[in-house]
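**Student:** Each chain, letter by letter, is given below.
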Amino acid sequence: MTVAELATKLNLRLLTKTEATKKVTGVYTGDLLSWVMSHAKKNDAWVTVHTHVNIVAVAVLAELACIIIPEGIAVEAATLAKAEAEGVILLGSDLTAAELCWRIYEVLH
Amino acid sequence: MSKSIQLHFELPGNDLALAGEASSKVKKTLNQLGLKPAVVKKTAVAMYEAEINAIIHAGGGTLAATIDQEKVVVVVRDQGPGIADLELAMQEGYSTAPEKIREMGFGAGMGLPNMKRHADLLEIESAVGQGTVVTIIVYL
Ligand SMILES: Nc1ncnc2c1ncn2[C@@H]1O[C@H](COP(=O)(O)OP(=O)(O)O)[C@@H](O)[C@H]1O
Ligand SMILES: [Mg+2]
Numbered sequence: 001m002t003v004a005e006l007a008t009k010l011n012l013r014l015l016t017k018t019e020a021t022k023k024v025t026g027v028y029t030g031d032l033l034s035w036v037m038s039h040a041k042k043n044d045a046w047v048t049v050h051t052h053v054n055i056v057a058v059a060v061l062a063e064l065a066c067i068i069i070p071e072g073i074a075v076e077a078a079t080l081a082k083a084e085a086e087g088v089i090l091l092g093s094d095l096t097a098a099e100l101c102w103r104i105y106e107v108l109h
Numbered sequence: 001m002s003k004s005i006q007l008h009f010e011l012p013g014n015d016l017a018l019a020g021e022a023s024s025k026v027k028k029t030l031n032q033l034g035l036k037p038a039v040v041k042k043t044a045v046a047m048y049e050a051e052i053n054a055i056i057h058a059g060g061g062t063l064a065a066t067i068d069q070e071k072v073v074v075v076v077r078d079q080g081p082g083i084a085d086l087e088l089a090m091q092e093g094y095s096t097a098p099e100k101i102r103e104m105g106f107g108a109g110m111g112l113p114n115m116k117r118h119a120d121l122l123e124i125e126s127a128v129g130q131g132t133v134v135t136i137i138v139y140l
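Protein chains in written order, with the working numbering: chain A, 1 to 109; chain B, 1 to 140.
FYI, nobody ran anything at the bench for these hints, they're computed from the structure. Note that the Cβ used here is the ideal one computed from N, Cα and C, for glycine as well. Hints should not be assumed to be uniformly reliable.
[Unchecked claim] Straight-line Cα separation of at most 20 angstroms, PhoX-like style, residue types lysine-lysine; simulated pairs:
#1 9(A) x 22(A)
#2 42(A) x 23(A)
#3 71(B) x 116(B)
#4 41(A) x 23(A)
#5 23(A) x 28(B)
#6 23(A) x 9(A)
#7 116(B) x 42(B)
#8 28(B) x 3(B)
#9 71(B) x 36(B)
#10 42(B) x 41(A)
#11 25(B) x 42(A)
#12 71(B) x 25(B)
#13 28(B) x 22(A)
#14 42(A) x 36(B)
#15 28(B) x 42(A)
#16 71(B) x 100(B)
#17 42(A) x 42(B)
#18 41(A) x 36(B)
#19 42(B) x 25(B)
#20 42(B) x 28(B)
#21 41(A) x 22(A)
#22 36(B) x 25(B)
#23 28(B) x 41(A)
[Unchecked claim] Pairwise CB distance ranges (calculated):
#24 73(A) x 79(B): 36 to 42 angstroms
#25 68(B) x 73(A): 42 to 48 angstroms
#26 140(B) x 72(A): 30 to 36 angstroms
The whole structure should be built from the sequences, with the hints applied where relevant.
**Tutor:** Written out as C-alpha cells, the structure is:
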C-alpha cells in the first residue's frame, strides 16, 4: 500500500508537499530516536510525538515510509521544509499513537 | 570500484538542527554505489549515533567516510571532553545528556551500544580533556 492510500483510509492529513507514493509495509512507534533508528524496519510508518527537525534525519536514515504525528500536535514549519527537501512524508492525525498503530496494523493485514 | 571514495564533513556543534546531515549524505552515497541494503543500514545506524554524540557531547567535530572494495570506514573525531570511563559509557542506558536534549528523544544511552551492535568493528579512542575518535568499520 502507498502512504497516500494509507492516508485516505485513516483520514490522515498530508502535512508535506512530498509525493506520497512511498510504499508502507508496517508501523512503528517510539520517541527515543536511537531506539527508532535501530529497531524500526524499512518502509515502516513511524508514529512519534516529536515535531522537531531531527525526526527527518531519522526517517531518511532508517528508510521509513513516513512520519505520522498523533493527537493533532502542530508541526514546526522548519520540520516541514526539511522533510520536503529530503523527500520525507509527514502526516498528521487526531488519533493517539496507540490508535494509529492499531488502525494501521489492521489495514495492512 | 577500483579506487576508494572519500567523503569529509564538518559537524557543527552549535546547530542541533543539522545533526544527522552528514550521515544522511554518506548513506546516499552508499546507496548510489549499490551497496547491499544490510551494509547501508548497519553503517547508517552506527555513524548516526557517532555523529550525534560528537554534536551533543563534544561540541561538534568531523566525520570522514572511506569506501573501498571491501569495507566502509567511518571516522568521527571531536575535541570535546573525552570519555572518562568507556566501560561505563558503553552500558545500555548510561547517559550524561542534559534534560533538554533528552526531551528531544536523544540521550537514551543507546548510542554506543547501537554502534557496537551494528558495526563489524568499533574502535573508540578517547582522552579526557582532549577528545574522542570513533572508528566504525562495516565489511561489504
Ligand atoms: N564523543 C563523545 N564525547 C564525550 N562523551 C561522550 C561521547 N560519546 C559518548 N560520550 C559519553 O558516553 C555516554 C553514553 O553515550 P551513548 O551511549 O551514545 O548515549 P547518549 O548519547 O544517549 O547519552 C554519553 O552520555 C556521554 O557521557
Ligand atoms: Mg549517543
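**Student:** Holds or violated: are the alpha carbons of residue 41(A) and residue 22(A) at most 20 angstroms from each other?
**Tutor:** Distance ~14 angstroms between residue 41(A) and residue 22(A) Cα, so the pair holds.
**Student:** Holds or violated: residue 23(A) and residue 9(A), Cα atoms, limit 20 angstroms.
**Tutor:** holds, 15 angstroms
**Student:** Does the structure keep residue 28(B) and residue 41(A) at a Cα separation of 20 angstroms or less?
**Tutor:** Since the Cα atoms of residue 28(B) and residue 41(A) sit roughly 18 angstroms apart, the hinted pair holds (cutoff 20 angstroms).
**Student:** Given the hinted pair residue 23(A) and residue 28(B), is their Cα-Cα distance within 20 angstroms?
**Tutor:** Measuring from Cα to Cα gives roughly 19 angstroms; hence the hint holds.
**Student:** The hint says 42 to 48 angstroms between residue 68(B) and residue 73(A); measuring C-beta to C-beta, is that right?
**Tutor:** With Cβ atoms ~45 angstroms apart, the hint holds.
**Student:** If you check the beta carbons of residue 140(B) and residue 72(A), does the distance land in 30 to 36 angstroms?
**Tutor:** violated, 45 angstroms
**Student:** Starting from residue 71(B), check that the Cα of residue 116(B) is at most 20 angstroms away, please.
**Tutor:** Answer holds: residue 71(B) to residue 116(B) is near 16 angstroms, not above 20 angstroms.
**Student:** With the threshold set at 20 angstroms, check whether the alpha-carbon distance from residue 41(A) to residue 23(A) stays at or below it.
**Tutor:** Holds, at about 12 angstroms.
**Student:** Hinted pair, alpha-carbon criterion (20 angstroms max): residue 9(A), residue 22(A). Please report holds or violated.
**Tutor:** holds, 15 angstroms
**Student:** With the threshold set at 20 angstroms, check whether the alpha-carbon distance from residue 71(B) to residue 100(B) stays at or below it.
**Tutor:** Answer violated: residue 71(B) to residue 100(B) is near 37 angstroms, above 20 angstroms.
**Student:** Has the given pair, residue 28(B) with residue 22(A), been kept, meaning a C-alpha gap of at most 20 angstroms?
**Tutor:** Satisfied, since the Cα-Cα distance of roughly 17 angstroms is no more than 20 angstroms.
**Student:** Check whether the Cα positions of residue 42(B) and residue 28(B) lie no farther apart than 20 angstroms.
**Tutor:** Cα-Cα ~14 angstroms, so holds.
Going down the numbered hints, you'll see the structure goes against 16 and 26, while the others check out.
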